[in-house]
Amino acid sequence: MDTRIEDIERVGRGLRARRVRFNDGTERVTAARAAKALSLDSGMSLSAAELESALQEIEPGLARDRALRLLGYRERSAAELALRLKDDGFPQTVVFDVLDSLQASGLVDDERFAEHLVRTRAAGGYGRQHIVRELMQNGIDRGAAESFIDTSQTGADEAQRLRSLVAAHPPKDRRERDRLLRKLVAKGFAAGAVLDAMRHSDDAGTDSSADLPEWDMP
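All residue numbers for the sequence shown refer to the numbering used here, where the first residue is 1 and numbers rise by one.
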């Protein structure tokens with residue numbers, strides 16, 4: 001039987017991967033850039049074994065190049081890079097080998113990534129809860145995420161940052177206070193901490209703590 005490629009399908013998140021189907025029922029998923037590099041096309045006379053051999057030669061280099069391009073935009077965690085490479089269609093073994101190499105060379109460092117994210121999100125006005133969630137979404141476990149914040153200046157001065165945010169837009173009445181409270185809670189600050197910052201704000205002679213609810217926060 002003459003083995004040939006029957007179909008090449010776009011698959012995966014963002015349709016960045018390619019599933020190569022053969023007329024003998026076998027198939028192989030790879031990255032679009034790998035399929036392009038090998039000039040794969042429907043009807044091409046090629047066996048699954050021949051394709052596998054060719055892909056094993058080129059996938060590691062293509063995956064590393066892709067990872068380096070992603071790192072060129074910003075710091076990324078190992079988990080985020082792994083997800084991106086898998087979404088591209090690179091096999092898990094290739095992804096792990098590339099990440100091991102990048103971590104060994106210091107190009108991927110979860111601690112450096114976390115420190116960078118904590119600084120930039122804090123500078124953008126986000127609170128502890130938001131930052132912890134984002135770190136966890138990027139593969140940093142909760143304990144490590146909270147530790148990164150606690151050991152940074154960001155964690156130590158969150159109360160002061162909140163007071164500065166409140167002072168920059170001092171609420172003049174209950175409606176404004178409720179709006180500011182919702183906004184800051186949405187940005188990851190605890191409601192109790194926001195209320196405390198409001199009580200300590202200096203509102204040009206106006207007592208901004210007036211009529212604030214006396215909530216018992218956990």
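Please note: incorrect hints may appear among the correct ones.
Taking lysine-lysine pairs in the DSS-like style, the calculated list, with each CA pair at most 30 Å apart, reads [claimed, not checked]:
1. Lys187 / Lys172
2. Lys172 / Lys183
3. Lys36 / Lys86
Restraint ranges, calculated between C-beta atoms of paired labels, are given here [to be verified]:
4. Arg119 / Asp178: 57 to 63 Å
5. Gln137 / Ser47: 53 to 59 Å
6. Phe96 / Ala49: 36 to 42 Å
7. Arg10 / Ala191: 17 to 23 Å
8. Ser147 / Lys36: 41 to 47 Å
9. Phe96 / Arg13: 48 to 54 Å
10. Ala191 / Ser147: 35 to 41 Å
11. Ala79 / His169: 34 to 40 Å
12. Ser164 / Thr93: 37 to 43 Å
13. Ser101 / Met44: 28 to 34 Å
14. Glu57 / Gly25: 23 to 29 Å
15. Asp100 / Gln137: 19 to 25 Å
16. Asp7 / Ala168: 56 to 62 Å
It is worth saying that the hints were derived from the structure and are not from the lab. Note that beta-carbon positions come from the ideal geometry of N, C-alpha and C, so glycine has one too.
Item checked: Hints that the structure is at odds with (numbers, increasing) -> Result: hints 4, 5, 6, 7, 9, 10 and 12 break, sorted rising.
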